[in-house]
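Chemist: The lines below spell out each chain.
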Amino acid sequence: MRVATSVLVLVLVGASTARAQDQTAAIRPGDQTLKRLSIEELSSIDVTSTLKHAEPIGASAAAIEVITGDDIRRAGITMVPEALRLFTGVQVARFDGRTWAISARGFTISTANKLVVMIDGRSVYTPLFSGVFWDVQDLVLEDVDRIEVIRGPGATLWGANAVNGVINIVTKHASQTEGTMVQVGGGSNFGQTSVRYGWRLGRDGGVRVYGKYRYRGSQVFATGASAHDPLRSGQAGFRIDHGASGRTAMTLQGDVYKGAIGIFDRPDSDVAGGNLLGRVAHTYASGSQLQLQLYYDGTYRRVPRQFAEHRDTFDFDLQYRTRAGARHDLVAGAGYQVMHGHAAPSQVLFFEPQTRTSPLLNLFAQDEITVVPNRVAVILGSKFEHNDYTGWEVQPTLRARWTPSGRDTLWGAVSRAVRMPTRFDSDLRFTGVLPFVVLRGDPGFVSETVLAREIGYRRRVGVASIDLAAFYNTYDDLRTQEPTPPLGFPIVLANNMEARTSGIELSAELEPAASMRLHAGYTYLSEDFRMKPASLDRSGGVSEFNDPAHQVWVRSSINLPRDLEADAVFRSVGALPHPAIARYSELTLRLGWRRGATELSIVGDNLLHDHHPEFSNLTPPEEFPRSVFGQVTWRF
Amino acid sequence: MAFLSRRRRFALAAAAAFVAACPAALRAQRSLEYEVKAAFLFNFVQFVEWPGQSLRAGEPFRICLTGENPFAGVLERTVAGEQAAGRPIEIEILAPEAPPSRCQVLFVPRTLAARAPAVLRVVGTLPVLTVGESARFLDAGGLVNFVVEGGHVRFDINADAAAARGLRISSKLLRVARSTGSSDRRER
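As given, the protein sequences belong to chains G and U, one line each in that order.
The first sequence begins at 91 in our numbering and counts up by one.
The second sequence begins at 1480 in our numbering and counts up by one.
Check before you lean on any hint, since a few could be wrong.
[Stated by the list, open to error] For the chain G half of the interface with chain U, some residues (derived, Cβ under 10 Å), not all of them:
no.: 1; residue: S128
no.: 2; residue: D331
no.: 3; residue: A339
no.: 4; residue: T373
no.: 5; residue: P463
no.: 6; residue: V553
no.: 7; residue: E601
Bear in mind the hints are in silico, worked out from the structure with no lab data behind them.
By construction, the Cβ of each residue, glycine as well, lies at the ideal position given by its N, Cα and C atoms.
Just chain G, with the same shape it has in the complex (with noise of 0.2 Å):
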């Protein structure tokens, strides 16, 4: 009956091209990804760019997570790196005034270093030790328009040292950023300004410039002491979209921040930095895509008695997605990088060479096949990439998923992936205050590796979701501390550490009335690490991982009458083994006001304790103390 209508129509409506399209080509995956995403996730779709960067196929076979602006605003949120608290699965633990431990699925250290960070595609790591300087990845919060985390490898699309996680951070469209928006906020232990500007361009283009300076106060010890650390930074920026709703989408943006950081026991640091990114996106009739991004991104970093380092990066990556039949989905690309890094010797320590200049290239390709139709898929892809340290590294991934009703997906997948050497594993050369070399890379290190196994379910019933994520990693050739016989001096970092973690992460979503949300995560994290027989080193790799066990969090927002909204966001951290610091539990409460051009809040964090430890292997570590304060929004 349905093949005759079928029929009947395709002649009465005089074989118009859609319709023919239909009966000719058969099932096309992209429309079976996309149908699984909720509403939200559909909406942060880019649908100018659909390369890996807004690529939706990770999205349903991947244990992946996304916040909107939005959630971020009503958590009260100020700084990126406190943003990645409203994750489930990701670590996040404050070290100093300037300094976070952040990490996924373990190896959380304060320069952890298993993450790829990408702010609008351009990566925010750094090469000297791959992880991140937290501290200068500041934005309008305003202007955030999502960020999504990708949990476990994420190498063959994103790269090297997506090991056990991606961080992306994508601001709004120009085209969102209208008018003028004023925020001024202060309080306790903090102090910001943020101005932006926008207007249009063309019927669907725009631009915005903005300029924000921030404050943030010095934490304490756990005396109450001031530790003397705190953070000044002042940073303007742009960006330009035009043609977004056309064939070819382009995008130009760029930023330049200056800023002090107090250290308690020497001057302060200086950082300094600046970006320019470039991204024409081309659509072309059979729907094939293609893109092309270029950026440029140089940082200072001066830390007294420490070091210093300016770092140059040129950046060149192009993408092309195209479909193969009925049945591929093909993600190709190259990317080509040059890194230029000098490095200034310091009282304690030099790298040598002083300075170093790294290619990095890169290939890939991705395919995901329908195996049957609406309910089974495959995703097989691999990138190949060459380094100057270990050459080329191949980073494969097979992913299934199926679905086998519209509300329910289940995944799983294999992957592996490397963390490359970085300047700290191969060139540093570490003297303290002795005439001689305490500790030094080895230019042999060896990439670090991982191979992951992960399941996944994810089903929405009703006004509920929940997100249900597993795993199982197998680590090798981990970063160690050798002493040299007989007396111990140098200690040579290399490569004699295996690993096994495996872990739950589950999340949850309830909506039980329209004015009110409720999320909850839970985290179960287990790590075994294990010397080869051929290490020295005794200290049991204490210094490359430090995680809780146990993590959970819960949030609500609620909306109340007269324009007044209402946030709480709870989190308890299990304990960390070594450094030690207790198990605690935190709250951030949030009061806003919102009515048309003004919004007022009040934010209270850290509120159960005067002030409290995160991470440390400080003497004396520092502690985090109680804040109050308040923020006012203007849009006009």
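Start from chain G and add chain U according to the hints.
Modeler: For chain U alone, coordinates are given in the frame of chain G:
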């Protein structure tokens, strides 16, 4: 049956030849925009309740398209094998201004924007979720309107008009909507 399938093969071949000869511009509609819109339509169906009498026993759930199909097959694939209100979903193309009495959803493509007021007049107060993608669609009495804003597909909902037609829209959908008032363009 054999006759039908032969006819079908012939029709397909003819159609394929026609497509091949078509200007590329016509085929460009297979863009991600419509893939996302198709996924939204499928999502909308899950978040709206139709009054009991609008779904006759034994009938499929119908998403109707006015005049033409800008989804180029994506919508059909999106809903293939899926259910709504416990029934299989079917896609049907209606002549413009034909009464959509058998439809639960009626999509009015932007190529027919000029005729949208007339189409909506014919719909009247039937419990049909009218979805458009053109300026002033809500002003003309439509219920949901897609807007591509900053590269993202967003939508506005006329919640009062939906309620007046007996459609219950879930709060989740209303929350994600860019606006839920009765006219087209407002600041949030």
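Chemist: Run every hint past the structure and note whether it holds.
Modeler: How the hints compare with the structure:
1. S128: At 8 Å from the nearest chain U Cβ, G/S128 passes the 10 Å test, so the hint holds.
2. D331: Check passed: Cβ of G/D331 comes within 7 Å of chain U, closer than 10 Å.
3. A339: Where the cut-off is 10 Å and the nearest Cβ of chain U is about 7 Å from G/A339, the hint holds.
4. T373: It holds, given that the least Cβ distance between G/T373 and chain U is near 6 Å, below 10 Å.
5. P463: holds, 7 Å
6. V553: holds, 7 Å
7. E601: The hint holds - G/E601 has a Cβ within 10 Å of chain U, the shortest such distance being about 6 Å.
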